[in-house]
Amino acid sequence: MKIKKEVITRRDFLRGTAATALGLTVLPDWLKAGMVKKETKSAADQKSLVLVVRDEHVLDSSGNKVDKKVLGGMISQVMTALTGEKEMKKAWLKFFSPKDVVGLVPTPLMNPTHNELIEFIKESLVAAGLPEANIRSAQGRSVDLNSITALISLPGLKAHWLTGIGTVIKNYILYSGAPRNYHYEHSTKLGEIWHLPQVKGKTRLIIVDALRPVCDRGPQFDPRYRWPYKGLLAGTDPVALDAVGLKIIQTKRDELRGEHWPISPPPICIEAADKIYKLGNSRLENIEIKTIGWTQELLL
Amino acid sequence: MQSSQEINLPETIDGWQVEGPPLRIDDTTIFDYMDGGGELYLAYKFNSLLVYRYTRGPEEELLVEIYQMETPDEAFGLLSLDWTGEPVTLNSAFPARPENPVCPDYTALYGEGLLRARAGSLYLRILASRETPDVRETILKLGKILAGKSQPQSLPAILDVIIPSTDSDWKIRRDRTVYFHSHLVLNSFYYLSHENILNLNHSTEGLLVCFEKKEQQPGRQPVKLIVIRYPGIQAALAALASFLQSYLPEKADQVDLCPGPGKTGSVRVEDGWLGWRLSSNYLALVFECPGQESVAELLSQLNFP
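Protein sequence lines correspond, in order, to chains A and B.
If you're matching positions, the first sequence starts at 1 in the numbering used here and goes up one per residue.
If you're matching positions, the second sequence starts at 1 in the numbering used here and goes up one per residue.
It should be emphasised that the hints constitute simulated quantities derived from the structure, not laboratory data.
Being a predicted model, the structure only gives us computed values, none of them experimental.
There's no promise every hint is true.
[To be verified] Computed list of lysine to any residue pairs in SDA-like fashion (alpha-carbon distance at most 25 Å, straight line):
hint: 1; chain 1: B; residue 1: Lys213; chain 2: A; residue 2: Leu256
hint: 2; chain 1: A; residue 1: Lys68; chain 2: B; residue 2: Asn8
hint: 3; chain 1: B; residue 1: Lys224; chain 2: A; residue 2: Arg180
hint: 4; chain 1: B; residue 1: Lys214; chain 2: A; residue 2: Arg180
hint: 5; chain 1: B; residue 1: Lys214; chain 2: A; residue 2: Lys68
hint: 6; chain 1: B; residue 1: Lys213; chain 2: A; residue 2: Leu284
hint: 7; chain 1: A; residue 1: Lys247; chain 2: B; residue 2: Leu184
hint: 8; chain 1: B; residue 1: Lys141; chain 2: A; residue 2: Lys69
hint: 9; chain 1: A; residue 1: Lys247; chain 2: B; residue 2: Gln221
hint: 10; chain 1: B; residue 1: Lys213; chain 2: A; residue 2: Lys200
hint: 11; chain 1: B; residue 1: Lys149; chain 2: B; residue 2: Lys251
hint: 12; chain 1: B; residue 1: Lys251; chain 2: A; residue 2: Arg11
hint: 13; chain 1: B; residue 1: Lys144; chain 2: A; residue 2: Lys247
hint: 14; chain 1: A; residue 1: Lys69; chain 2: A; residue 2: Gly84
hint: 15; chain 1: A; residue 1: Lys65; chain 2: B; residue 2: Lys251
hint: 16; chain 1: B; residue 1: Lys213; chain 2: A; residue 2: Pro223
hint: 17; chain 1: A; residue 1: Lys65; chain 2: B; residue 2: Asn8
hint: 18; chain 1: B; residue 1: Lys213; chain 2: A; residue 2: Leu14
hint: 19; chain 1: B; residue 1: Lys45; chain 2: A; residue 2: His186
hint: 20; chain 1: A; residue 1: Lys247; chain 2: B; residue 2: Pro222
hint: 21; chain 1: A; residue 1: Lys65; chain 2: B; residue 2: Ser92
hint: 22; chain 1: B; residue 1: Lys45; chain 2: A; residue 2: His260
hint: 23; chain 1: A; residue 1: Lys65; chain 2: B; residue 2: Leu127
[Claimed, not checked] Partial pick of chain B residues on the chain A-facing surface, computed with a CB cut under 10 Å:
hint: 24; residue: Glu65
hint: 25; residue: Gly113
hint: 26; residue: Phe287
Note that beta-carbon positions come from the ideal geometry of N, C-alpha and C, so glycine has one too.
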């Protein structure tokens, strides 16, 4: 019998050839031309910055309630570290202009983004001078992305049973209009959504809610696998943020089981987002991780 | 056999009040309810889902999900996805069964405010927004109401294919045994390929079983055994061919795939020795063995009908 087509298998991951095997063949025609042009300026040319900001007092002793004041302090640390500005208004205005229409993109299911985080960011943008009407909730299939000029991605840190990790790169899956097309073997294509004309180039800031991440795959929530990491991961490189999130989740899984408990299926969407879709850096050696605050059980 | 149609949960229990009539979900609406999570239940043979919400005060919620599956094997499969947690008894009317050598006999597991259980063809999930000792008691009461009328719990017949040898150096990690029909489920435990290279679907039954040495070296990954029952001999043969072509393309041309007596083989790959055994409509694959002799030993513990 003839081999029908190249199939990516476990062996490709063992050999470290999965990304090569994927090649550019998964790119749709509408994306190929743009990607070829961009190849000369790969994100790997420079290190990506990922901030890990933690505060042991951001959650109460039960782990259920967020101290919004402490959370606000953590976000201020993020903004100062990213912009060099100590004054929050100036810091936010380095990312956004009062003329922007900003879409906030939280995670709705499984490990939803904390409302306190969404509210604080909205309040900060208003305080920086953006009209409240111009700050919109932008998660879901029916969002009018054409009227939105800037996006802030606010995913919750979690593993995912179909894609390995379901955090930053996957956070825009509903923008595709056909999320099932990006599961299974097609999870490699999640990076393509970031190149849709109505999405491309709009993501100015990413803050991952790692206050209480979930390290098991789901698909439904199991409280035994959620733990109080009490952190935010922040930056502008979606791939680097997923790579660092993956490292935290994998380390926690190994710690829980007392043996290696690999995330499965392997989160190939991260490597594909780097090597194929040129969205950022997936390799930890190309990522500068800057930690601020509480360092106990950092898992990095 | 108990069905979700016969369920009649109380309107109030321990100060909790049910919120309206239950939500009724079927295979056309499951994605609206749980987004991509619906794929898991469709990967098993899912009929319907009833969702009750209980509240106590403004912040406390109990979510009761009752999945009506086609057969008890499907409910077993869903529970087998995670054998960890505190085993609890929801129906004490039946005598304890002899211990199964391949998987735990638990029918209900509890942990941190989540009860997962099987009761006949029902798979149950009861989740509290916040766990306290009294919440745990209420969850177990609801579980007992739901599981109390169930018949003795059966196990999928495919488990009988594996007969561990007492003389073997290997033992089964019973808490790692998974029953499945879908490559999506298999991949979430042991990744082979994003493609469905074993031709798995609702007409196939699969088991993933982990073996480790009785004197296991620290840090060594268990050996994985996958056993699949296909609906017919041709389907099993086609699956072996598909697997060899995709996973072992360098070996595929050397294997006789003509219909005939059982086929067996082994080869060394990147993560250890890999072996296969095809017998009638059953295909077994073993991965990450330390040597060729361990492939033979583990495959010899299979007793195909």
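Against the 25 Å threshold, does the CA-CA distance of Lys68/A and Asn8/B hold or violate the hint? The hint is violated at about 42 Å.
Gly113/B as chain A interface residue, shortest Cβ-Cβ below 10 Å: holds, 5 Å
Agreement of Lys251/B and Arg11/A with the hint, judged by alpha carbon distance not exceeding 25 Å: Holds, because 14 Å separates the two Cα atoms, which is no more than 25 Å.
Holds or violated: Lys213/B to Lys200/A, with C-alpha atoms at most 25 Å apart: Roughly 52 Å between the alpha carbons, so the hint for Lys213/B and Lys200/A is violated.
Taking 25 Å as the top limit, are the C-alpha atoms of Lys149/B and Lys251/B close enough? violated, 53 Å
Given pair status - Arg180/A, Lys224/B, alpha carbons within 25 Å: violated, 29 Å
Does Leu127/B lie within 25 Å of Lys65/A when you go C-alpha to C-alpha? Given pair Lys65/A, Leu127/B holds - Cα atoms ~18 Å apart, limit 25 Å.
Per the CB criterion, is Glu65/B less than 10 Å away from chain A? holds, 8 Å
For a C-alpha distance cap of 25 Å, please report whether Lys144/B and Lys247/A respect it. Violated, at roughly 40 Å.
Given pair status - His186/A, Lys45/B, alpha carbons within 25 Å: Within the cut-off at roughly 23 Å; holds.
Can the restraint linking Lys65/A and Ser92/B be considered satisfied, given a maximum Cα separation of 25 Å? Violated. Lys65/A to Ser92/B sits at ~38 Å, over the 25 Å cutoff.
Given hint Leu14/A paired with Lys213/B - CA-CA distance at most 25 Å: Holds - the C-alpha atoms of Leu14/A and Lys213/B are around 23 Å apart, at most 25 Å.
In the structure shown, a violation is registered for the earlier hints numbered 2, 3, 4, 5, 6, 8, 10, 11, 13, 15, 16, 17, 21, 22, in ascending order.
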